[in-house]
Every structure is written in structure tokens, then in C-alpha cells.
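Here the protein sequences come in this chain order: G and A. If you're matching positions, the first sequence starts at 246 in the numbering used here and goes up one per residue. If you're matching positions, the second sequence starts at 35 in the numbering used here and goes up one per residue.
Because the hints were derived from the structure by calculation, they are not lab data. Yeah, the Cβ is synthetic: ideal placement off N, Cα and C, and Gly gets one too. Please note: incorrect hints may appear among the correct ones.
Think about it this way: if two alpha-carbon atoms lie no more than 25 angstroms apart in a straight line, the pair counts; the simulated BS3-like pairs of lysine-lysine are [claimed, not checked]:
1) K101(A) - K219(A)
2) K164(A) - K177(A)
3) K119(A) - K144(A)
4) K36(A) - K56(A)
5) K407(G) - K177(A)
6) K119(A) - K164(A)
7) K172(A) - K159(A)
8) K407(G) - K42(A)
9) K177(A) - K520(G)
10) K155(A) - K274(A)
11) K95(A) - K407(G)
12) K56(A) - K219(A)
13) K42(A) - K119(A)
14) K523(G) - K177(A)
15) K101(A) - K407(G)
16) K174(A) - K219(A)
17) K164(A) - K174(A)
18) K407(G) - K159(A)
19) K266(A) - K42(A)
20) K274(A) - K101(A)
21) K159(A) - K144(A)
22) K523(G) - K159(A)
23) K42(A) - K219(A)
24) K101(A) - K120(A)
Computed from the model, here is a short list of chain A residues facing chain G with C-beta under 8 angstroms [said to hold, decoys possible]:
25) Y48
26) N85
27) I94
28) M148
29) L195
Residue strings, one per chain:
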Amino acid sequence: MGNAKLTQKIVFFLLGVATVMVIIPVILIFALILVNGLQAISLEFIFSTPKAGMTQGGIFPAIVGTLYLVLGTAAFSLPLGILAAIYLTEYASDNWLTRLIDIAIINLAGVPSIVFGLFGVALFVILLNFGTSILSGSLTLSIMTLPVIITASKEALNSVPKSFREVSYSLGASRWQTVRNVVLPNAIPGIMTGTILGLSRAAGETAPILFTVAAFYLPRLPRTVYDQAMALPYHIYVLSTQVPNVPVKIQYGTVLVLIVIVFFMNISAAYIRAKFRKKKQW
Amino acid sequence: MKNAIEVKDLDFYYGKFKALSKVNIDVRRNEITALIGPSGCGKSTFLRCLNRMNDLIPGIKAEGSIKVEGVEINNGTTDLVDLRKKVGMVFQRPNPFPLSIFENVAFGPKIHRMAKGDELKDIVKSSLQKVLLWDEFKDKLNKNALSLTLEQQQRLCIARLVAVRPDILLMDEPCSALDPVAIQKIEDLMRFLKKDYTIIIVTHNMQQAARVSDRTGFFLLGELIEFSETDKIFTAPSDKRTEEYITGRYG
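Chain A extracted, bound-state conformation (with noise of 0.2 angstroms):
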């Protein structure tokens, strides 16, 4: 099985307005999958069905058959414990906690009890040599977390991801509070990070997804709209509407 995600017909609805139509997308294994369209076309709803993210808000309902793994998780026998650490989520604004380096990576080890003393140290250390931290910090790993720049912050927030081993990575608009050359290293460690997880990204700027994704999918009003191969979207989309999304008519 290629397919890390695999949505049928996914119709998602805040109280009585309907957000998500019928949506239908398979997302391959250890690629960088984009996701765009203008604000409030539901990209980022649809991202946060991915790990229940939205059941934190009352009044929601989603309709449809969203399997990761091969396993169905829009149900209510699904455990958000196990869901969650398997589908992670990095923000748009970097948001680590006021604590430490080392005791933002470790959060997630230490909750679900993966590990403790040296064990523990070897997590926080394997997590944030992926995310390239480690070399600058290792000898800092008890300054403040809020110390870092946004830059740093959000790797960290990444590395905190990393620490309780998910397979899939969902990132939304991970970077639109950083500088260019912030987002240049951002989309650096994605493309190092893909061989090991399977990336999904919600994205305003469409240069990024051009850059970093292998495949995109184009929201438009609560519909996917077109989804194929990321160089097809860009050079010969098959829908008008995405060939005007892109070309800037709107969004």
C-alpha cells in the first residue's frame, strides 16, 4: 500500500454550514503533499480532520471515510491518543511552550511514557539532530524555548513533533510568520524530512508549494477542486478555475 491517507467523500459541516463537499484525495507515502486555495476555502478544516484536530470545537460533523494506514479514524471508536501521535501537527505560529529546549521535546515522550533518564535524553537528542538543532544547542538545551528565533522556534516545534514518532506530519502554513530566509530553511528541512515521514502542507503562497511539493490538491469552496501532480497543477492545469487560482485572478 502506497497510500499513508486515503479520504472518501469527506463532507464536513460547523453547525448547519457545510465547509468540506464531498471530498476525495489519496495521499502518497513519503511525499510532500500541498494543499492551496484562497482563505476559508476549507484547506485547513480539511487538515484537521486528518488528526481529529476539530473535535475541539462544538457543533462539527464530519461525513465519510478518512483511512490513515489502512485503518478508519472518522468514527467514534477511534483513539485520538494513538491517532494523534501517528498524525502530528506543526501550527502556523510557532508556539512552544514557555519551558526549556530539552523539556519541549521531551513533553511528548514523557506523557505517553516512551522513556525516561538516558533513554529519554537519546529521543530529545535523534529529534532535534532532524531537525538540525542540535549542533548550534546541544550544549544549551536548558535555555528558554521562547528565546530561540521563530525560525528556531519552529523546528523545535517540529522536533517536538518528531520526538513521539509520528508517521505523518501535517503542517498549517508553517510558515507564514517567518522572514524568506527562515522559509528557505523551513522548506529546506521539509524536502530532508520526507524520506522518513509522509508530509501534508497548507499553504497560502503558492511559489512554496510550487517549490517543495510533489503533489497539490486546489481547495475551492469547500470542494477539491483538482489534485495531481504538483508540476501538472502549475504548467497545465485541467480545471479553469485552478488555471485562474494560479495565474492570480484571485485568492
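If we strip away everything but chain G, and leave its shape as in the complex, we get (with noise of 0.2 angstroms):
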């Protein structure tokens, strides 16, 4: 009896030394770029572009290129996910060509972002012709958040009970009436959940960008989807690395800009995800 409580209790101490583990990273990651980055944070920094050899001045280019990265991604992926996860939740037979596909999107999701770099810069911006800009940027990071959204999407698809749909056939319903009305907007609110996600892995990813579009430094605004941008990872990568006598706070700064963008979207997923699991009733 006394031997399987010190088991116990010799248990409880090894789980919860491996769950502080796992937390003190993060917490030490988010106070360091917290300590360092926040009194380089103004108005002024957010707002303005790098001045004097980037020693100076603020990141607005870079947060801005990342914004438009996200947005042409969301445009790319997210109709093109979600209409996937329709069909082969939906209309797809069990076959061996959907096995096959199904096992495609799972080694999509494993294969290393700069791969997806170097085919979107194959791809897109030689043999398509697009050239080093937003467009290849955004396509070449939607390949890369596809398999996320589709695999979101199909478990979304998939936990809207089978129950709706039988009742939605047997008033008469077609399938894509039932998909439309029926399982799509009960599945709603799991899709963004997992698209959101995706798309916060591809506005901090690197790798994807890095031939595709990012420029080390931009005079202006990009103004269409040809031009090439500036992005907060490639831009901290740069004034990390390629640039000498970088102030560190500015450099920290920027760290703390993209991982406030990237947490803030992650929380938006995680929010979504609660309230819709309160009102669910089923």
C-alpha cells in the first residue's frame, strides 16, 4: 500500500516536471522579446519606414507586405480548401484515387517549407512568369497552408452529424442543397478555426517567401499583386543577419510585432472554437 502511494507521488512529481518543461520556453521566449522589443514599440516605429541603413526608423512595409501575404494566401487556399474538403467529404466515393489523394494532402503537411520555396520560385515565378512578387508569394504560400485548411475543413465537415444530413435527403434535398444549407453552416465555425490557424504558420513562415517575393528593403508600398513586398519574418531575418550595427531593441522590436500578429490570430482561433462549442447542442 505504501509502495503504490510513493509510486504515486513519484509520478506526479515526473508529470509535472515535464509540463513546466514544455511552459518554461515560452514563457522565457515571450519575456525576453517582451523586455527587449517592447521599448522599441511607438507609434512611430509601426508607422514609418526603416531609415538610415535600417539603424533607424520603424517596419510599416514589412508589417504591411505581411498583411497582403496573408490576405492573397486566404484568397488562394481558402476557397480552393474548402471547396477540396467538400468534395471528399461530401461527393468523393471510397476508392483508391481518393486514398491516394487523402494520403497527398497528409504528406503535404510534412514537407519542409523550403521545398515550397524553391517550387513556388520554379513554379510561379519562372515558368508562370510572375516574377518575384505578392502573386507567386501567396500562391506558393497557399500550397503550403492547403493541406491545413483541407484536413481542418474535412474534420469540421465530417463531425456535422450524419443525422442532418439523412433528414435534409429525405425531405428531397440534392446533395450540394444539403451541403449548402445543411453541413456547411454547422461546419462553419471549424473550418476558420483551422484556417486561421494555417494562416498564422503562414504569415510567420520564412522559407516560402524568401525567393518569392520578400525584398530586402522597398522605398514604397507595393501597389499590385506584381510588385515585391517586404515581410516581417525575411525583414527580421535581414536585421539579424545581413545588416550591421542593428540596434537590438529595433531588432526585437519587429520579433515582437510579428509574434503580436501571429498570437493574436491564434487567440481568434481558439475564441471562435470556445463560443461555438458552448452554443453547440448536438
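Take the two lone chains, each set in its own frame, and fit them into one complex as the hints suggest.
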């Protein structure tokens, strides 16, 4: 008996240690960035362009560039991802082709991001002649984000009870009417959660944008989708390795801005999920 | 023609498993027909042949003739939308959509573009009146359907069905999730609906079949053993297996 209690104590202790070990790096990273970056944050830092060889001024073009890329990525990957998920869950019959597609999607999610970057260069920049541009970057990020969006959307669609579909069919609704009026409305929160998480990853990626869109420095904001753009992740890389004598607080400040953006996206995804879970009654 | 449904020599297969064998049955209009039998006897499968809901399951095969209002529906050319508008279904568990009362009833008329605006409101009103929910909820049509009691939910499901103006109502154990008081109310509703609709009910509950139906069919292992007036089935069954079932020897 005493032995069992002792074992229990030891196990609890080990579990506790493991949990703390997981949290500590997260807290350390956040604390370090906050302490060092917060002093750089000001309206001027956020809303002005880099000056004096990036040792002064702000990061406005990089913020705008990242927002453009997120929007561009959403514009391509959201419709494509949702439509593909609808096809795979509601229409495709269970055969070898469907299974092959499923496996392909899972594998796509595991491809290293630099591979997406180089693929983007080959296909969008060179072959399709979109050049180094927001268009090429968004498309490259879209391909990277698609598996996440498709997988999340499929899960959301599959979690809609079968009985809803059955009733809809029994009332004479067609397959598309059932998807449109019954399945999709009940899956939207799940789809949105997955999409935002996918986009937040796209916002923070460096490798896929390295050769497809990112500019070292641009004196003005991009005007069309064929323009290059600065982007936060690449700008951080530039500030910390490519330019001499950048004050540490500017580097940390830039990291802080990127983390806040990504964090905000993740929080809103979690919020949507929590709100939906409370409302869901079936 | 007094028969709403005429079934001749219906065989049904799930893959290689034969679930129904040579079923013959004529269902009369404006009557309640009950189908009884032990679990797995094929009564639900049979019911789902009548609105072709089995089509959703891969690998099924139905052979034989099923005529609804004189029209053959067990073939490749049947328009399933038309069929299911005509032959509606009430399920075992009340399954309203997670929408308002109004939106639930309006679902069918909307997808079939039967009405909108005031006309749609009229359909919702008359449908809810038919299931005796109108008086209680006429001022609360925006209430979420999932907040109703199970019995009210099942009524709502019937209203949702009635709104697409079917002729035949298939009920697949519509009371199995309800308590005795609610069951009685739903049975009253079925008697009330009988004058406008032909009703076929699958039930586990023999007393329910005896109480509510005009005719009863007894299924066993995929065969329709006996089909006649309910009184006769329960007082003087002609087949020994029917007698054994209704006296509780098995099932």
C-alpha cells in the first residue's frame, strides 16, 4: 500500500516536471522578447519606413507586406481548400484515388517549407512568369497552407451529425442543397478555426517567401500583386544577419510585432472554437 | 385506387446479405399501417425502400416492384426529389436542425422553392397547426428548436415534413426516444393526421401497433409473415410465428 502511494507521488512529480519543462521555454521566449522589444514599440516604429540603413525608423512596409501576403494566401487557399474538403467528404466515393489524394494531402503537410519555397520559384516565378511578387508569394504560401485548411475543414464537415444529412435528403434536398444549407453552416466555425491557424503559420514563414516575394528593402509600398513586398519574417532575418549595427531593440521590436500578429490570429481561432463549443447542442 | 403503395416480390440485399425476401404488401390510403417484428427483421429496411433512403448506403440492391400512387419507383429513372417530397420520413430520434422553429419548418419549402414571404409564413403556420404546436409557439417562432422537449421536437420534425406537402408519412420508431405521456400524445397526433395522410409506422412496441394502427404486418428474418387487420393479427393470427411473437415467446 505504502509503496503504491510512493509510486503515485513520484509519477505525479515527474508529470509536473515535464509540464513545467514545456512551459518554461515559452515563457522565457515571450519574456525576453517583451522586455527587449517593448521599448522599441511606438507609433513611429509601426508606421514609418526603415531609415539610415535600417538602424533607425520603423517597419511599416514589412507589416503591410505580411498583411498582404496573409490576405493573398487566404484568397487562394480558403476557397480551394474548402471546396476540396467538401468534395472529399461529401462527394468522393471511397476508392483508391480518394485514398491516394488523402495520403498526398497528409504528405504535403509534412514537406519542409524550403521545398515549397523552391517549388514556388520554379513554378510561379519562372515558369508562369509571375516574377518575384506578392502573387508568387501568396500562391506559394497557399500551397503550404492548403493541407492544414483541407484537413481542418474535412474534420469540421465530418463532425456534422449524419442525421442532419439524412433528414435533409429525406425532405427531398439534393446533395448540394444538403451541403449548402445543412452541412456547411454547421461546419463553418471549425473551418474558420483551421483556416486561421493555417494562415497564422503562413504569416510567420520565411523560407517560402525568401525567393518568391520578399524584398530586402523597398522605398515605397507595393501597388499591385506583381510587386515585391517586404515581410516581417524575412525582415527579422535581414535585421539580425544581413545588416551591421542594427540596434538590438529594433530587432526585438520587429519580432514582437510578428509574434503579436500570429498570437492574435491563434487567439481568435481559439475564441471561435470555444464560442462554438458552448453553442453546440448536438 | 385505394392503395397508396403496392409492393410486389421485393428482394433487398446489403452486399451479399439478403435482408428482405419476396415481400408483398398493399398499403391503403388514409390508414395507419404498422410494421412489427424483432430487431434486424428487415422492417426498417423495408420502410427505407419506400422513399429510397437505402440508396445512401453503398452496395445495396433492391429487386421487385414498388408502386407509389400507381407509379413504379424502384428503378433507375425515378426522380428521388419528387419521390421524397411525396413520401416523407420521421426518424427514431427527434432530429431538428439547430435552427429556429420557423427555419426548421421553412427548410423544405425553401429548398423546393415552394413559397416565400407571407406565403412561406402561411405554410409554417398551417404545418405547425397540423402538429398542434402553433398555439404554444406562435409568438416564439425564433426559439431554437433544440430547446424544445423531445416530444415537441418530434412534433416539429413532423411539421417540417408536412410543410413539403407529402402524401405518405413513413415513421421509423418515432416514439422510441419518448416517455409514455409523450408517446400517447404522438399517437393522438398520428390518429389526427390519418385523415390527410397515409402513415406507415415501424415500431418495436406491439401495444403501440395495436393501439394506433388499422393494419399490421409482421416481419421475421426478412420475410413478411403475416399482414392483415390489426384486430385480427392481435386476436386471431393465422401464422404460428406471429402468435409466438405477439405473445412474447421471442423478440
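Is K164(A) within 25 angstroms of K174(A), Cα to Cα? Between K164(A) and K174(A) the Cα gap is close to 17 angstroms, so the pair holds against 25 angstroms.
Given pair status - K520(G), K177(A), alpha carbons within 25 angstroms: Judged against 25 angstroms, a Cα distance of about 19 angstroms means the pair holds.
Given the hint that K407(G) pairs with K159(A), test it: the Cα-Cα distance must not exceed 25 angstroms. Since the Cα atoms of K407(G) and K159(A) sit roughly 28 angstroms apart, the hinted pair is violated (cutoff 25 angstroms).
Taking 25 angstroms as the top limit, are the C-alpha atoms of K119(A) and K164(A) close enough? holds, 17 angstroms
Would the hint linking K101(A) and K407(G) be met if the CA-CA limit is 25 angstroms? violated, 28 angstroms
Would the pair K36(A) and K56(A) pass a check requiring their Cα atoms to be no farther apart than 25 angstroms? With Cα atoms ~22 angstroms apart, K36(A) and K56(A) stay inside 25 angstroms; holds.
Are the Cα atoms of K101(A) and K120(A) separated by 25 angstroms or less? holds, 12 angstroms
Below or equal to 25 angstroms on CA atoms is what counts here, so check K159(A) against K144(A). Holds: K159(A) and K144(A) sit about 15 angstroms apart, inside 25 angstroms.
For a C-alpha distance cap of 25 angstroms, please report whether K95(A) and K407(G) respect it. holds, 22 angstroms
Would you check whether M148(A) satisfies its interface hint, that is, whether its CB is within less than 8 angstroms of any CB in chain G? It is violated, given that the least Cβ distance between M148(A) and chain G is near 11 angstroms, above 8 angstroms.
K155(A) and K274(A): Cα distance at most 25 angstroms? violated, 52 angstroms
When you check the alpha-carbon spacing of K407(G) and K42(A), does it fall within 25 angstroms? violated, 31 angstroms
Figure legend: structure checked against the earlier numbered hints; hints not met, in rising order: 1, 8, 10, 12, 15, 18, 20, 22, 23, 25, 27, 28.
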